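Undergrad: So the chains spell out like this:
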Amino acid sequence: MKDRVAALLHQQAVCYRLQLKVLSTSAFEGFLAVLFPLMFATAALLVYRIDGDPESMQYAGLGAAIMGMWTCQGVVASSLLSRERWAGTLELLVAAPTSLTRILVPMTMAMSTIGLYSVVATIAWERWVFDIRLEIDNWFLFVVSVLMAAVTLATVGFFLSVTAIRYRTSWALGAALEYPGWLLCGFVIPVSLLPDWVQPLSWAIPTTWAMDAIRASANGGSPWADLAVCAATGAVYAVAAAYLGRRLVDSARRHATLALT
Amino acid sequence: MTSLRIFFIGGLMSYRAMFGWLSPWILIPSLVVSPICQILLFAYIGRSAGVRDDEFYVIGNALNYAAIPCLFAMASTIEGERQGRTLGIVLTTPARRLPLFLGRALPVIANGWGVAMVGVLAGVALLDVEIPSGAWPALVFVVVVTSASCTGLGLAMGAVVLRVREGATFGNVIFCVLLVFSGVNVAREDLPGWMASVGAWLPLTHGIEAARLLADGSNLADVTGLVAREVGVGGLYTVLGLLLLRYFEAESRRTASLERV
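Protein chains in written order, with our numbering: chain C, 1 to 261; chain G, 1 to 261.
Note that these hints are calculated values from the structure, not bench results. Computed from a predicted model, the values in this text were never measured in an experiment. Heads up, the beta-carbon is just placed ideally off N, CA and C, and yes, glycines get one too. Keep in mind that the hints are not guaranteed to be accurate.
Unchecked claim - Selected chain G positions facing chain C (in silico; Cβ < 7 Å): (1) S30; (2) I45; (3) A168.
Stated by the list, open to error - Stretch by stretch, here's where chain G covers chain C in the computed footprint (C-beta under 8 Å, at least three residues): (4) 44 to 52; (5) 157 to 170; (6) 174 to 180.
Produce the complete structure using the sequences and hints provided.
TA: Right under this line is the structure:
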């Protein structure tokens, strides 16, 4: 039992480290995944700055810092298996004795790590360019909430990566999810501002709850209820991804469509 | 006659062969869903910040998104030749370079125009935007001019990607620069002075300003100065692109780097 746990941890660490190396040396998936949301955050903050209300700037500054986490996960995770397909390694991953779930989870965790870097970079950018000093009431709870956002986003990324396995140009799907995610998760606009029929879509994304928890920790409230819902919705994505992943991969193998580009 | 044939038929063939986004699986998420979502994102940011009305963001972001096909399609009709190992063949033909490369721009301008108009129409349908019926013909004309101007920048970018391998990353960086500096979401008078000065030398800036004035009830005669400046900026980038193409062509012959990928 002890050996099996050690082997699992070793495999997870190797997959995580390798994927982190791949992402951090890729101009598109590393550099651009940080720069692109940073520029959109800049555009959003320029809009908020016109009115110059410090409270609004705090609100937007906090959300803008988290925006990049969505980009690092959504766009890259959607095309994760397509990239393996192009590289000719998808069959090897699927045929490996290690389950696809155990391979994909550390990979999406690596994406979330790039997302955490994006948070730090955006906070530094906001301070340097916009002179926004984020007022965080409880740093411990703030960090816990950001980490919860990272972990649950990794489960969303896991879900996206397996459901897009049959979509040959899944990078386009991932790119198209970027703006809806920014809208629905309430990063720079309150979810309550969206039309009523859209709001349930927001509630189905763990990042919406994580963002509420982040704001609560920054404003001196309790984030625990939001964090609990965030963890629960993240777990639903993980379970659904594990189930769908097995079904979709089996189907692709049965129809011999796994490697088709 | 040969030059005309190269301009029209060669340009269309090249666009159809090289611009891989024409597949509906890419075209719909990238050039229909994404521009609409970007418009909605900034319209809601504007509402949340209490700055400007929906029309301001619809016009700005719809025209901004025209830059995506203008930059990426233009670059791929040049870079794609290198990927396909046909660049050497194209450049050893006696065809005149002007119709050869400008011909590729014509379908791209039409594509950029189409994307911007989809954005404007979706904005009118989904948000509180009313554009006077008499303003539409002039608006359509200004969008054509702006797309042409952006395509000039795309031509310059296409020349640069003959030497820079990360074309997709480069294109996204330019798109972000246009988003922040061209008055897409913040009027030029509300931008910091140095940013407004940079914006004046970028495509989109004057076109967006002209389109907003038209949507507010001005007529074409009122915006001829802005349209002329947009044409001038676009012309400048087109000339720069042609010069860069000539330079990189000569340089790649000298250093045998034409097909180095």
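Undergrad: State for each hint whether it applies.
TA: Here is what the structure says about each hint:
Here the hint on G/S30 is kept, as its CB sits about 5 Å from the closest CB of chain C, short of 7 Å. For G/I45, the interface hint holds, the least distance from its beta-carbon to any beta-carbon of chain C being 5 Å, beneath 7 Å. A hinted interface residue such as G/A168 counts as satisfied when its beta carbon comes closer than 7 Å to some beta carbon of chain C; here the least separation is about 6 Å, so the hint holds. Proximity of the segment 44 to 52 of chain C to chain G, defined as three or more residues with a beta carbon under 8 Å from a beta carbon of that chain, is established by the 6 residues found.
Given as covered by chain G, the segment 157 to 170 of chain C passes the check, having 3 residues with a CB less than 8 Å from a CB of that chain where 3 are the minimum. With a cut-off of 8 Å between beta carbons, the segment 174 to 180 of chain C has 5 residues touching chain G; three or more are needed, and the interface restraint holds.
Hint violations for this structure: none, all hints satisfied.
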